[in-house]
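Got two chains here, each in a separate frame; can you build the complex from them with the hints?
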Amino acid sequence: MAYSDATPAGRAVKGIIADLPGLIAVAIADTDSGMNLASHSNSDHFSPDMAAAYNTQVVQHSLNAINTLHMSNGTLEDMLITVTGQYHLIKLINDGAMFMYLAVNSLDTNLAIAREVMRQHSAGVN
Amino acid sequence: MFNPFRPKTVWQPSSEELAAEEQVSGYTTPDLPPVAPAPPLQAPAAVPPPPPAAVAAPAAVPPAPAPQRPMPAAAAPAAGAAPLSTTTAQALEQLVVKLPGLLFAGLTEIETGVAVRGRTPSDILPAAPIARFHAELVRLERLALKHAAKGTAPEELREILVTISDQLHLLRVVRDGQLLLSIVLDPRLSSLPTARVALQAAANTIG
Numbered sequence: 001m002a003y004s005d006a007t008p009a010g011r012a013v014k015g016i017i018a019d020l021p022g023l024i025a026v027a028i029a030d031t032d033s034g035m036n037l038a039s040h041s042n043s044d045h046f047s048p049d050m051a052a053a054y055n056t057q058v059v060q061h062s063l064n065a066i067n068t069l070h071m072s073n074g075t076l077e078d079m080l081i082t083v084t085g086q087y088h089l090i091k092l093i094n095d096g097a098m099f100m101y102l103a104v105n106s107l108d109t110n111l112a113i114a115r116e117v118m119r120q121h122s123a124g125v126n
Numbered sequence: 001m002f003n004p005f006r007p008k009t010v011w012q013p014s015s016e017e018l019a020a021e022e023q024v025s026g027y028t029t030p031d032l033p034p035v036a037p038a039p040p041l042q043a044p045a046a047v048p049p050p051p052p053a054a055v056a057a058p059a060a061v062p063p064a065p066a067p068q069r070p071m072p073a074a075a076a077p078a079a080g081a082a083p084l085s086t087t088t089a090q091a092l093e094q095l096v097v098k099l100p101g102l103l104f105a106g107l108t109e110i111e112t113g114v115a116v117r118g119r120t121p122s123d124i125l126p127a128a129p130i131a132r133f134h135a136e137l138v139r140l141e142r143l144a145l146k147h148a149a150k151g152t153a154p155e156e157l158r159e160i161l162v163t164i165s166d167q168l169h170l171l172r173v174v175r176d177g178q179l180l181l182s183i184v185l186d187p188r189l190s191s192l193p194t195a196r197v198a199l200q201a202a203a204n205t206i207g
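Chains as they are written, first to last, in our numbering: chain A, 1 to 126; chain B, 1 to 207.
So that you can see chain B by itself, here it is in the shape it has in the complex (with noise of 0.2 angstroms):
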């Protein structure tokens, strides 16, 4: 029976339902940080909610409930921290507001290549492409490192600087090397210098 006056209480699924639930829909519960708020205006049958990455990622993906691939554990938020999409919101418009002359910021998963989230403030560039071609970039590099060190571990990537003429890509490599954050920037309104400290600051944000 629906009682109007009835409490608002925060509803949280029982470990039962939950298990039944991924039983029901093969979903598997990623890992979740252990005070996720459960959304209070659900109905009791919704799935728990995934990770902030997911949630922000393209339209394009369908919103299936089973994704084939596990999220990698960093781009859930860590226990205790603010959630990814707000720090990553934050630290865009940090960047935006630093930076004249930018023409992208995203925050990219360097696995996939898919934009966590990105902004175009003058909409001359498309941010997805340019978010995959940043992760790509990432792996490629990655690789050459990797073929490149002889008997040793090969050294852990940073950061990456692509000079064209009348564009700078910065690329920064943050959350223990899963995630990405680049910029493209008009040299002729930003410079290098002051790119790579607003960059710093805005790694320093997310984490």
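Same shape as in the complex, but just chain A (with noise of 0.2 angstroms):
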């Protein structure tokens, strides 16, 4: 139990924990240091921690890329990571600043869902 109520990404993932069935873990995670402001997992066998730091990378060679490679104008907004029996998604909040780290059963919720539940609360930390 890795989040505090008094602050607002703790707040999001107290509210993910609530709406989300089949929610695996959550995570809310600062972009440059790859920290988690706030964490949750139901899984002995995930750690969101962890989870959150290597995908900084993830995050950070995506908007390198953009930036260097001059792919694009717009802005990176969400990714989604599809395993066996799993969605894993990711969407940037503060212009990029901090994001968030989900990771949901797929026979349990479907992608709509995930994605709906996670922009609802995103939108509260700022």
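Don't take every hint at face value.
[As the list claims (entries may be wrong)] Anything over 12 angstroms on all C-beta distances counts as not near chain B; from chain A, calculated: (1) Ala2; (2) Pro8; (3) Met35; (4) His40; (5) Ala97; (6) Met98; (7) Ile113; (8) Glu116; (9) Val125.
[What the hints assert, rightly or not] These stretches of chain B come out as covered by chain A in the derived footprint (C-beta under 8 angstroms, 3 or more residues): (10) 116–130; (11) 134–145; (12) 150–159; (13) 163–175.
Hints were generated in silico from the structure; no laboratory data involved. Heads up, the beta-carbon is just placed ideally off N, CA and C, and yes, glycines get one too.
Following this line, the structure appears as structure tokens:
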């Protein structure tokens, strides 16, 4: 239980735990340092801290590619990673200063629900 | 003596000739399917044809007959299946036809980031850097999944979708996790569900 109700990030994590069936883990991390501001895991076999730390590299690599390759004039919004039986979602918040990481069981939730719940709760983290 | 009326035969090197060839050039023969056709019009001294992945690789790689790293086994066509270069070309053409607003479609080797084949129908994006970016993304994500798993085997990566405000990047792992089929789309012209269905069909074509 690594979150506090006193912070917006902690309240977002708490809201997601309440709203999302099939939640495996959720974390809100700082994009520069890769450290978690708030996290929670329902599984003994999944560490949201490590996931956020290593996915920071994934996010930074994508941001670099957009800038250095002149690939797009747009901004990175979210990423969806499909693995066997799970969806992992990353959503950038505060113009990429932070990101939310969410892992859900694909049998219990569909992608639209997971994205919508994430969108609602990430709007409050500012 | 050259005889122009000689019946056309397919030349195939005997095992001794192949062994001698390896000693001379230091070239180790990759795992070729047993039915690999030898080129009929080449001089007998030619090395056996490399797998199609190497043929289709960009010309930036010098055509040296001695690759330093062994080619991954999955890059060579499975015995009995159509060659990878043909199925890839077919699959990418299908994608170009089905998806308006396609900016890039390509098949990439994940370990090296080298594009086996790439198409950029609208010529807006450069193919090789995009292929490298996609392969690196998959490698980083596999690393993340490996470190996030505690005490169990990491989950197997299937698909990545990157949403940028004016582009969609869809990446799909094919051929036992060795190759990556990826596309970049303009979301105003093609919807995500259509693109996923088309990508699934293309992945099935490649196998």
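Evaluation of the provided hints:
Once the 12 angstroms rule is applied to beta carbons, Ala2 of chain A is consistent with being away from chain B; the minimum gap is 15 angstroms. Pro8 of chain A, annotated as away from the interface, keeps every beta carbon of chain B farther than 12 angstroms; the closest lies near 23 angstroms. At roughly 15 angstroms from the closest C-beta of chain B, the C-beta of Met35 of chain A stays outside 12 angstroms, upholding its exclusion from the interface. For His40 of chain A, the condition that its CB be more than 12 angstroms from all CB atoms of chain B holds, with the nearest at approximately 14 angstroms.
Listed as a non-interface residue, Ala97 of chain A keeps its Cβ farther than 12 angstroms from every Cβ of chain B; the least gap is roughly 17 angstroms. Listed as outside the interface, Met98 of chain A is consistent with that label: its C-beta sits roughly 17 angstroms from the nearest C-beta of chain B, beyond the 12 angstroms cut-off. Ile113 of chain A, annotated as away from the interface, keeps every beta carbon of chain B farther than 12 angstroms; the closest lies near 16 angstroms. For Glu116 of chain A, the non-interface assignment is confirmed: its Cβ lies about 14 angstroms from the closest Cβ of chain B, beyond the 12 angstroms cut-off.
Distance check for Val125 of chain A against chain B: the nearest CB is about 18 angstroms away, which clears 12 angstroms, and the non-interface claim stands. Only when three residues or more bring their CB closer than 8 angstroms to a CB of chain A does the claim for the stretch 116–130 of chain B stand; here the count is 4, and the claim holds. Interface restraint, the stretch 134–145 of chain B with chain A: holds (7 residues with C-beta to C-beta distance below 8 angstroms; minimum three). Counting residues of the stretch 150–159 of chain B whose CB falls under 8 angstroms from any CB of chain A gives 8; the rule of at least 3 is met.
Residues of the stretch 163–175 of chain B with a Cβ under 8 angstroms from some Cβ of chain A number 5, which satisfies the need for three, so the listed coverage holds.
Checked against the numbered hints given earlier, the structure satisfies every one of them.
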